[in-house]
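Each chain is listed here by its residues.
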Amino acid sequence: MSIGLHNSEFKNPVVRWIDQRLPVFTMMQKEYGTFPTPKNFNYFWNFGALAMVTLMIMIATGVFLSMHYAAHTGLAFDSVERIMRDVNFGWLIRYVHMNGASMFFIVVYIHIFRGMYYGSYKAPRELLWILGVVIFLLMMATAFMGYVLPWGQMSFWGATVITNLFSAFPVVGDFIVELLWGGFSVDNPTLNRFFSLHYLLPFVILGVVFLHVAALHITGSNNPLGVEPKGPQDTLPFHPYYTAKDSVGLVVYFIVFAGLVFFVPNMLGHPDNYIPANPLVTPPHIVPEWYFLPYYAILRAVPDKLGGVLLMFGSILIWFVLPWLDRSPVRSMRFRPLARPFFLLWTVNFLVLLWVGAKPAEGVYVLIAQISTAYYFAYFLVVLPLLAKFERPLPLPESISRPVLGGGPLPMGAAAKPMEKA
Amino acid sequence: MADTAHAATDGAPRRDFLKLVTGAFAAVGVGAIAWPFIASLQPAKDTLALATTDVDLAPIAEGQAVTVMWRGKPVFVRSRTPKEIQEARAVPTSALPDPATDQSRVQREQWLVLIGICTHLGCVPSGQRATDARGEYGGWFCPCHGSHYDTSGRIRKGPAPRNLDVPQYAFTSDTKIRIG
Amino acid sequence: MLRFSFKALALALGLFATAPAHAAGEAIPIPDRKFSFDGIFGTYDRASAQRGFQVYKEVCAACHGLRLVSYRNLRELGLTEAQVAAIAAQFEIKDGPNDEGQMFERPGRPADRFRSPFPNDAAARAANNGALPPDLSVMTKARAGGADYLFALLTGYVDPPPGVTVMDGMHYNKYFPGNQIAMGPVLNPDQVEYADGTKATIEQMAHDVSTFLQWAAEPELEKRRAMGVKVIIFLTILAGLTYAVKRKIWADVKH
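Chains as they are written, first to last, in my numbering: chain A, 1 to 422; chain B, 1 to 180; chain C, 1 to 255.
Only chain A is shown next, with the shape it has when bound in the complex (with noise of 0.2 Å):
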């Protein structure tokens, strides 16, 4: 690249200068306007920019959160309600960040399964889906700190458990533990610390998301029929086809999240957290947030500790190595006539772990657990590298334009046409 004043073509004077020093009208011309993306989605494409959207209003509602929340034992509960009873729309920015946690969640879930029934962490994009696989540890460790500052019982039986998984590790397990709480137990400084973090941690993600889409935006995304664009007649210019799109998709899901937090804000929570943290009763039951409930399920479907802790925390280092078990060249679903079924009953297998999770582990219950379980790590393990040997995929269309097999040449004016509107 030559020394000198960015080639911009941009007519306005103002953006001109801006663009001739600092390229960014020509960065989000180039990635967000003209960026040829294939024109074959359907709107389980919608949900990264769904994520990308819940992330910033989580953290605008928190950073507001924040101005008036008090991070002390003595102080954090009261400090909560008066936001939702004496704060100028506190109740409304409380619910928004409350309810903005699960449906997060909701998003990146269905962002996963979308990445992986439609093999979107294969060859070129690894790198991509890992760094997916690090926002979404990130996500939990922040949701789960976040679960602890409204001080009510499940924020501090929680906070107790899950600090205490760390010390299933053999001799340093205690030190582990002491240095996550700052005292003998969940007290202050662990409270301290974890609003510290809670606030720290979202802008990491945010770090990691722009890693996630810098590196979407080298390979280029994936699609339904999981077969690279072979040109122009394959894809679209984002702006205004995609924007679209999201646009769509967007107003929809405020619905639902609007649903959620004016008519039924307390529905995903438990009532537990409304009775202040007491360290000398634990609550009956104690569950995690929904969205933590199939890790929890497999933490207690193991009847040694350490065995419990190593297999949860397994069970997401596992999608790390997800490019390598699944070693087939077909990337969809829709052409493994024999991975689809063992992917859908993995997805149906994972709910039941939700399910499974909010239950007492006693009885049939730890049976399903158990099964479940180990479903769960058969089909990376077993099931993923066997099929990529012995599944005879079915046959893959030629591009994108053509999904039909054997067609003829293509003709070309029709191909160039979506590019005119660009």
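If you're looking for bench data, these hints aren't it; they were derived computationally from the structure.
Honestly, I wouldn't trust all of these hints.
Unchecked claim - Below, a list of computed lysine to any residue pairs in the SDA-like style, where the Cα atoms sit at most 20 Å apart:
1) B:Lys176 with C:Pro107
2) C:Lys230 with B:Ala24
3) C:Lys223 with B:Ala44
What the hints assert, rightly or not - Reference excerpt, derived from the structure (chain C facing chain A, CB under 8 Å, subset only):
4) Leu235
5) Thr242
6) Ile249
7) Val253
All C-beta atoms in this analysis are idealised placements derived from N, C-alpha and C, irrespective of residue type, glycine included.
Position chains B and C against the provided structure of chain A, taking the given hints into account.
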């Protein structure tokens, strides 16, 4: 515009109108989202409800002053001597930077109630104790930038633009006032 | 009814799987009590809530605090400023320190929070045979079933079934998890005298005080729902418009 020919054909104008309406709707929505955030920064309901302070005047001897807290600000309550009252009333309003009669600034002439914040840049003027510097006019003196206030709390000399503010207050009995 | 359609929606999303956890416990199912604030458009029955406040003040407040609610909040139930000031003034609130460095008591002001009956939890336990009467500020949010549960609990005192021995100082209640509750059947017919002439049956008092406590826990409920209706109408229109724009833009793309 090269597009004009296209716009005349069917479909195109409707799309533009649609886009305009949708854009306007979305803009209204974004504006509506901004409001709760801004409103949340305004004083909360409990803050507003606490906005009164009762002061018992009985223990304040003539010539003395007390400072009480009201809405997080110092309020000066001064029991003025006849000499101070006379001084304050003798000044012609035309000689003042911010003309106001002493009568307009007190409810009962003995009791002067002021917000103790210099109208220049927000420091607390000295002069509450007899040993404090009270400036050239026997009232208060702001040490930050040298504003002199008289025994009615009016600015007489220095950079402050206005007299010390008088808060809303009422006598609830002969020896009690409620500020706010 | 519409409230249930939201639950159905959540079920479709696979979220409902968590709900059983919230209803955990061996207590028998809580019957659904008809309240004025049920459903999407429900609001607080002010007369009932005011009566409920009277029940709280004359019965519950002997043991249970309401420390997150201020006297001034009673204005929202339709009490006048003078009435609120008079109610607040009935309570001696600890304040201070004064100029001598001493804490002192003064009559309550509307800005004060409700005075709790005990200075701290230990004092509350000491006065109640070791049982802690919980603060009621967010009680309907803190119990599965909310106001329905409160009503059921207050009217759920029955004789223990044969074979069940109730521990000393405990009482048998159909709806309390574990059935043995330290709180006695505190409501008795005509225990309070309602100013508006409503007959003070146990059921009436339980209904009124449940309404009052629901308001105490969620004072924003009416505003929240009213705003929610507007927001959803707005978003539905915007969704239609956005979809139309999208259709128009995509009209010339062959799938």
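B:Lys176 paired with C:Pro107 [C-alpha distance capped at 20 Å]: 16 Å, holds
Pairwise hint evaluation, B:Ala24 against C:Lys230, where the allowed Cα distance is 20 Å at most: 17 Å, holds
Restraint check, 8 Å cut-off on beta carbons, for C:Ile249 near chain A: 5 Å, holds
Hint check, C:Val253 versus chain A [nearest Cβ-Cβ separation less than 8 Å]: 6 Å, holds
Hint check, C:Thr242 versus chain A [nearest Cβ-Cβ separation less than 8 Å]: At 5 Å from the nearest chain A Cβ, C:Thr242 passes the 8 Å test, so the hint holds.
Distance restraint between C:Lys223 and B:Ala44, which requires alpha-carbon spacing of 20 Å or less: 17 Å, holds
Status of the C:Leu235 interface restraint (C-beta, 8 Å, chain A): With a minimum Cβ separation of about 5 Å from chain A (threshold 8 Å), the hint on C:Leu235 holds.
Hint compliance for this structure: no hint is broken.
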